[in-house]
Amino acid sequence: MEAVVFVFSLLDCCALIFLSVYFIITLSDLECDYINARSCCSKLNKWVIPELIGHTVITVLMLVSLHWFIFLLNLPAATWNIYRFIMVPSGNMGVFDPTEIHNRGQLKSHMKEAMIKLGFHLLCFFMYLYSMILALIND
Amino acid sequence: MSAPAESPHPAASARIPPKLGGASASGAAAPAGPGPAPHQQNGPAQNQMQIPSGYGLHPQNYIAPSGHYPQGPGKMTSLPLDSQCGDYYSGLYTVPTQNMVTPNTANQQPGAQQMYGRGPPAPHIVGSTPGSFQGATSSTSHLHTSASQPYSPFVNHYSSPAMYPANSSVASQGFPSTCGHYAMSTVSNAAYPSVSYPSLPAGDPYGQQMFTSQNAPTVGPVREDSFPGHSTAISHPAHLPPPPSHQYHQQQGLSGCNTLSWSASGLPSAQDNLTRNHTGSLATPNSNPTNTVSDSLSCPVMQNVQPLKSSPVVSTVLGASSTRVPPAANRPVEPVASVTQPSELLQQKGMQYGDYVNNQASSAPTPLSSTSDDEEEEEEDEEAGVDSSSTTSSASPMPNSYDALEGGSYPDMLSSSASSPAPDPAPEPDPAPAPAPSAPQPSKMAKPFGYGYPTLQPGYQNATAPLNSGVPPSSPVYSGFQPYAQQYPGMNQLSSSLGGLSLQSSPQPESLRPVNLTQERNILPMTPVWPPVPNLNLDLKKLNCSPDSFRCTLTNIPQTQALLNKAKLPLGLLLHPFRDLTQLPVITSNTIVRCRSCRTYINPFVSFIDQRRWKCNLCYRVNDVPEEFMYNPVTRSYGEPHKRPEVQNSTVEFIASSDYMLRPPQPAVYLFVLDVSHNAVEAGYLTILCQSLLENLDKLPGDSRTRIGFMTFDSTIHFYNLQEGLSQPQMLIVSDIDDVFLPTPDSLLVNLYESKELIKDLLTALPNMFTNTRETHSALGPALQAAFKLMSPTGGRVSVFQTQLPSLGAGLLQSREDPNQRSSTKVVQHLGPATDFYKKLALDCSGQQTAVDLFLLSSQYSDLASLACMSKYSAGCIYYYPSFHFTHNPSQAEKLQKDLKRYLTRKIGFEAVMRIRCTKGLSMHTFHGNFFVRSTDLLSLANINPDAGFAVQLSIEENLTDTSLVCFQTALLYTSSKGERRIRVHTLCLPVVSSLADVYAGVDVQAAICLLANMAVDRSISSSLSDARDALVNAVVDSLSAYGSTVSNLQHSALIAPSSLKLFPLYVLALLKQKAFRTGTSTRLDDRVYAMCQIKCQPLVHLMKMIHPNLYRIDRLTDEGAIHVNDRVVPQPPLQKLSAEKLTREGAFLMDCGSVFYIWIGKSCDNNFIEDVLGYPNFASIPQKMTHLPELDTLSSERARSFITWLRDNRPLSPILHVVKDESPAKTEFFQHLIEDRTEAAFSYYEFLLHIQQQICK
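As they're listed, the protein sequences go chains A and B. Counting along the first sequence from 1, when you hit position 50 you're at 50 in the UniProt record's numbering, and nothing is skipped either side. Counting along the second sequence from 1, when you hit position 1124 you're at 1124 in the UniProt record's numbering, and nothing is skipped either side.
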């Protein structure tokens, strides 16, 4: 059973890693003027909710399966995702707003955030991998 | 003289004169000969001495000009200088320079000008005229002032016979006062020549250069290593230091003088004729008896022109100095003996210029050639245009397409003749410009003082005018006096010493003079505050962009981010890129030369490494000079790329080739979307709109392809088929607002000219079509969607008139305002949009090159915060008329009418993009204004209008230690209403400094306040209003405490600010009491949001009046210091501080709040005034609601009206006038603008200072 949890987490984590990479690539495209802010933001906003769900699922799964350490590790990141999503002002077009992304260094902070997430997911990936192998061996 | 007289166009004449004055001996001589010649000639001879002085002073200019005129040779010499600096230059910026320079160009020929641009010439003319104008005015003012001031003695001296003799010629002309000044200057000059020169390398040209250098010196520090060219100049540097002081002195003195004198100088040279005339005229008005110059009669026109020019010029004190120099040269020439020297000087100057500007080393050097070059250059422009090959290929596809300007100015440009500067451009410009210029001039004048010449000796500063420095001694004219006076003394005494320039080294620039804020009660200068002039060398100063278009909050850029952080001041740019210009060089060239790596347009601040290569000033890449660029069509010479207009003007306009188009230039397309619900019909705006449209239908900018369409909506959407051939307009109603479609897509937007009759029928019928409607709903969202569909194939402008909260379909809004919270001191909510519908729509529109302009005429809450998004992100503009009703609120109705007139006829650019570039190491991180930021530095502007201002925040990413100059360039690519693709390029150059004191010395407090206001608006929307208010207060506290702890070593018990920042706390207090940010006073949410919108999109000049209104006493207007605009004498009363203590019951006061004027009548106001100006017998009989001044045939009425008209001119929003009786209920409106007083909810100014002090001490 535990192996199944970690296999699922591993797959989910892979998806999140890909998503982070996609965010980074898209944002750096914007930075380099390869795409304009409007299309960049509509691309990214589409993936904000899937990312949020993917991450929340892992977190909940860890809680349910009583992996406290991993749960606590994931909790801040998941909370941040949800907070960010909820706090979008009513007039904005999503977490990424094309009219503001070039202002006040938002692009940079988005980029930084995507990088940190990538690192975090990579860390989690190996943790899940390790846990999965351990679980498989134990089985 | 002859030239001016001859030329029908003031501009033309003006141009000519400049040339004359400037360089061309022959040409100049000819012109001079006629009118001024005699005086001048006389003058020159006498003046030789003066000439030197002239360098410093304006007077010199006069003299010089005269000298120029007479002499051919002089011209020669002068030419070089002029040529580079002046020619292109000429125009706008440095008036003074222009004068000098212009002459050359002018002389060179109209043809060249034409080629060039029509633009340039115009500028010249303008510049010259203005200069003259100013000069005249200034001179007059000087006289007055001088008299009044302590300095008078000096004046006397000056005036003293000895002086006069030389001057006499001038005097005779009617510039006695000026003469006096000049004389003063001359004296000083004399000193210079003898003494100072030596200091320099000695003797050589340098010695002479010294003078020049002096001028330059100011710049000196700045001048840079970076520019190889400079190197030549560089040698001077050593000198420079001293010179600076001189310069300062001179400048101050001069500047004082100059400011005044500038105009004068300008006048003399270029316009001798004109000037004299003008001056004469001016002088006469002023009251100088002597002046009654005969010449002047003709002047009026000129004058008009001048003002305009002048404004551009303003900044150019430097220019002036430069100009001065040339004159000197000229003068010397006259003397013959001296001639050689002068020539050398000139040459040197020429060299320097070349170096500086072009960095070329020597290529340009010879003056003579240069002169010719200049002329050539002008021609080149045209030629360049001719050349076709787009070598530059460049441009990225995207990039920028600039629209062509519309009508007004461009036309001039276009017309090769260009002769008439302003005229063509425009209808609008004309009136406005003239007024504006006048104002600007003064400011310009002032600027030099205050700023650039920081070094003034403290003594002087102190002694003379405390304030002048920073701010400008205010009014140009009036204040000018003071400065002069100061200067003079300084000049006199110093002049001798100055020769040595010892003073220059004075440690503390005026802008750093510590001011004890809590003790100095009258902190507000008597005259308008002028922007500081960057501390660059003269050549660069002359070339620099006009502060009206381009300003930076710090005119000395800190070397590192750490230094910037220490100073705690905001760093950013304020732009007004599409301003109505009276002169603009338009360049038609198939090769638009740009840097290959950063795409920067070639500009005056690049350096030429040799004939074939230039080094980009933004990214330092070395680029090849294209073959086409080597040829100067103006001069028909080859191998002088540094003389091309692109390199001589920091504001130019290119006609872009097809490389800059993504599609064929669009036609002008206008769509009107009108609310016709019950509410709208009740308000009655349709009548006014239709009337205005009918009147202005032929004046809508556009060509034969212009298209127009109309839609109306209530709960349904109505389209109007206006297809040619129909007998009457056909109304098509679409009631399916959930899925809007276009009933007949082809015939809704019709050609204006083909269907004009139908359009007129519709406009006549429209106001009465819905009189009986009972439909109260408003389906704005669907109507906008339909408008978007209609416009998306072409792009264009959508004007939306809305009178209530949208209540149906997509984009419907709920009322969010709680009236009980209006005066809350804590939380102000709902400053941001409620839905993203309008934002999305705006971005869609922006993508299709459609801008949405919103006219909100409502009596109730309409959620402007949400609706404004449709304009904010599509680069539209927002107009708001609270409580609009065409009968109950006639003042609003009148305002709408006037605003519409301006709105419909002003210039417009379509499918525009603006890119702002800056020197490597700096980066832009936040933009303010109405637009969509498409990529990091590319602003997408579906439409651009002349009333749009922008702000940009900067940060320093890499240390700027390896450069001494930084440059900023904005390029605006747009399609003119005539279907031309144009690029307007502004380039600003600023020095880099490494010490905190220098950073403080260079603060442009107005720009800083405007940038802070923009940041505060962002903050209130993204965070909260109280955060924004705290941030504003902290900005003052931080900067003053940083100054106190690092720069000032005075006791800390007092609140000390550098002179450059002394107005900072006052302005911040004004901001806190501004509608947008005030708390505790009942403010409707829409009013607040509208104020925020205005802060975001108004250009600096207008925004400053909104923040800190100007108060004048108008019951005792006199002609003292008056300026002449369009044949009118405009009195210039001093500014009063915004405090009730200034309001005496015996007086009448005018408050200029930007979009509103209040005239407050005191209870015991003189009955003569009430009767003469208001047309009522006594105070009691004045009605409560009075919005007009009657046209009475009395002197005081005429003065009051001409003053108000002058203030009104050239405003994007036509101000309404309210006459407020003391003790009438309306007076609270008036009193809330007295920001130095205490209110229930806010500090008085003094309390605010104490509060700041307390915070600092914490």
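Don't take every hint at face value.
Among chain B residues calculated to face chain A with C-beta under 10 Å, some are [stated by the list, open to error]:
1) Ala865
2) Thr936
3) Arg1201
4) Ile1204
5) Arg1208
Below, simulated DSSO-like cross-link-like pairs (lysine-lysine); rule was C-alpha separation at most 27 Å, straight line [stated by the list, open to error]:
6) A:Lys108 <-> B:Lys840
7) B:Lys699 <-> B:Lys760
8) B:Lys615 <-> B:Lys568
9) A:Lys43 <-> B:Lys789
10) B:Lys1163 <-> B:Lys1137
11) B:Lys699 <-> A:Lys46
12) B:Lys1075 <-> A:Lys108
13) B:Lys1163 <-> A:Lys112
14) B:Lys760 <-> A:Lys43
15) B:Lys789 <-> A:Lys46
16) B:Lys568 <-> A:Lys108
17) B:Lys920 <-> B:Lys1075
18) B:Lys699 <-> A:Lys108
No lab work stands behind these hints: they were computed from the structure. Backbone N, C-alpha and C fix where the C-beta goes; we use that ideal spot for every residue, glycine too.
Hint-by-hint comparison with the structure:
| no. | hint | verdict |
| --- | --- | --- |
| 1 | Ala865 | holds, 8 Å |
| 2 | Thr936 | holds, 6 Å |
| 3 | Arg1201 | violated, 45 Å |
| 4 | Ile1204 | violated, 40 Å |
| 5 | Arg1208 | violated, 34 Å |
| 6 | A:Lys108 <-> B:Lys840 | holds, 23 Å |
| 7 | B:Lys699 <-> B:Lys760 | holds, 14 Å |
| 8 | B:Lys615 <-> B:Lys568 | violated, 33 Å |
| 9 | A:Lys43 <-> B:Lys789 | holds, 24 Å |
| 10 | B:Lys1163 <-> B:Lys1137 | holds, 20 Å |
| 11 | B:Lys699 <-> A:Lys46 | violated, 47 Å |
| 12 | B:Lys1075 <-> A:Lys108 | violated, 34 Å |
| 13 | B:Lys1163 <-> A:Lys112 | violated, 65 Å |
| 14 | B:Lys760 <-> A:Lys43 | violated, 47 Å |
| 15 | B:Lys789 <-> A:Lys46 | holds, 25 Å |
| 16 | B:Lys568 <-> A:Lys108 | holds, 23 Å |
| 17 | B:Lys920 <-> B:Lys1075 | violated, 39 Å |
| 18 | B:Lys699 <-> A:Lys108 | violated, 47 Å |
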